[in-house]
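Take the given structure of chain W and dock chain Y to it, following the hints.
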Amino acid sequence: MRMPKTIAATAMALALAAPLHAKTIDVAAGEDAQTRLQEALILAEPGDTVQLGAGRFLLTDGLSLDVDGVTLRGAGMDASVLDFTGQKGAGEGLLVTSDEVTLRDFAVENSKGDGIKSKGADNVVYYRVRVTWTGGPKETNGAYGIYPVSSTGVLVDGCKVSGASDAGIYVGQSKAITVRYNYVEQSVAGIEIENSRDALVTDNFVTRNTGGILVFDLPNLPVMGGGNTIIKNNAVVGNDTPNFAPKGNIVAGVPRGTGIMVMANEGVWVSMNRLAHNPTAHVLVVAYPKPFTDKAYNPLPRSVVIEENSYVGGGDDPQMPGGPQLTQMLGGRLPPVVWDGVGPSQPIVPEGMSFLSLGVPGPDAGMAEARPVLIDRPQPGAMVAPGRFGASAALDARARP
Amino acid sequence: MRLLAAAMLLSAAVLAAKPAPRQVNDAAVVAASFPQTLAEFGFFADDAGTRPAAGVTPYRLQTPLWSDGAEKSRYVYVPPGKQARSQGDGLLVLPVGSALIKHFAFADKLVETRVLLHRADGWVALPYVWNTEQTEARLALAGRRIDLVTPAGQAISYGVPNKNQCKDCHNLAGITMPIGPKAYNLSAQWLAAFAKAGRLDRVPQVSRRIPLWEDRASAPVAAAARGYLDANCAHCHNPQGAASNSGLYLGWLEQDSLALGVNKRPVAAGRGAGSHEFDIVPGEPDHSILVYRFTSTEGGVAMPELGRESRDSAAEPVIRAWIAGMR
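If you're matching them up, the sequences are chains W and Y in order. The opening position of the first sequence corresponds to residue -18 in the numbering used here, with each subsequent residue numbered one higher. The opening position of the second sequence corresponds to residue 12 in the numbering used here, with each subsequent residue numbered one higher.
Wrong hints could be hidden among the right ones.
[Claimed, not checked] No farther apart than 30 angstroms at their CA atoms in a straight line, the calculated lysine-lysine pairs in the DSSO-like style are these:
1. 113(Y) to 69(W)
2. 69(W) to 93(Y)
3. 120(Y) to 69(W)
Hint data in this document are derived by calculation from the structure and do not stem from the laboratory.
The shape of chain W in the complex, shown without the other chains:
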């Protein structure tokens, strides 16, 4: 059937907004919450809302949702708590594997693995969700708090994460992503965008993590070639928690005290952030430092633009070999932007700004061979901003109508 585009779009929007038989399934805390809540998540139909009552839901196993277009909603991120302290199995607290799902106004505490994972779940919205490991930063905490992966269309908005032993908010192998207005603390990485494209990370507050905001691209994954990402208007403050990631993880190599870190990737725009008191470096731009065999992978950061940001303190206790000597040489602190010096493509900075190149001769050369040098007349580069980025307006409407 042929339909004018606008009518088709309106019909579609209506269908998504108000399916014919949309209903609300109420689930209260209390006896046998595991079974009642899991059953509700299984029996929900597209358009339905599963409404959590206020209170603490004591859960013994992971929960999962596999129905498109369902909203799981609580009475507030401090009122409805999914408590996984007694969890026995599964790799995460809540797993979502369907599209067009909205998660809002509830908390996940002490899950054994990741907090909430959505995989292959397009157009997912996380709004005012809290994920907390209540014992503070510990290696035995779950890896990721909020973990959307392999998805197109991701909005993480107004959430709060603390204690993740990898990244508080981690978006992997995805595109069309917005991460905004979140608060992440006491995790190894505050926010991490990995092997993803077209991400907007804006207006977040990340503090007391090991590293604030990471944009990484790693080899040997089904989705590579990360980039076209904007990091702007974030407050990245006092990220000084010692790295507590288990050794095998890539984030175990993040120096304590890193503000924003870009590894590999093409086209990252860092602009108008407030970076304060990050003791290693406010902005760190590096190549992937480990050996790899993947021919399709580019380990170098390219077209990384460090626009105007505000910098306060920081760089005064860099966690890197030779750090104390370097800071002494440079008058007590490193400049705000530090590049490992690997490859031909140095970061692009505003005119008149100098930055530190560590002068590492090659990707796997290591700091022992580093020849640090202050680059006080950087080559001008084109300050090209990314093209389309961020989640679609339809997702915005589900979070903040």
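Relative to chain W, chain Y alone:
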């Protein structure tokens, strides 16, 4: 073929005249509903689920999924007048109306029965939990925790998966699919008999078969280990499975050693990596994440994530020996 089918129908009709063999309720298999009891499907001639009904064929896998030492019996049902199709090494293609039925028992008592039903809109997986009298198995949509003792003598909280968890493992590129009956994990003899009975279009050509698990001591260690990984890990760890984003692919036919984990760094393993840097370090099982996770029983570390609460002491030496022998 027609004659054979007619003969089978005839014999079924004759049998039906007697009190025993119950008929499979084809409507329950394909209808868009969740029958509350296993008996509604009529897969078994008796309430205790011990004698398969007409058209329900027992089978076994060369190397099966290990589930805390549960004794399993497997059955396949193909509706009258239809046939399964061979596709080389891979899964038998079962027509709409087919079902796969798997009993899980401990100490000769049935605990649960999982069914996979091929409906017009795809496969549906449902778990049924047996009562203590062993007379009825009821639907447990949300799964269940059951305290029991494994054959190894360990008291565990056994996890019956919920309907979604069934799908987590049975998910291939977002579609629910059977896992077990791949030609390379079925015996040549069984396949021949199934074809001869007219239930399968032809005997599939299998390039290399997974060895029988009982024969692991005499089989090449790599074959025994890879067969085990296929049956226990590859349903998620394949390019279209739930663990696709890990880049770790453990299927029987996988040939890329990096994808198999050799000198491969983890991606999102979190504390599952322990203090190790690579999935498999050749010659060093004790420094391999794969061994670390497969021998752990801690939530968030243990692999597989679902369906294993205790350690598989028979498989551990096989996996270790395979890695120890790598150069």
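A quick look at each hint next to the structure:
Annotation: proposed proximity of residue 113(Y) to residue 69(W) holds, straight-line Cα distance about 24 angstroms (limit 30 angstroms). About 43 angstroms separates the Cα atoms of residue 69(W) and residue 93(Y), which puts this hinted pair outside 30 angstroms; it is violated. With a C-alpha separation of about 24 angstroms, the suggested pairing of residue 120(Y) with residue 69(W) holds against the 30 angstroms cut-off.
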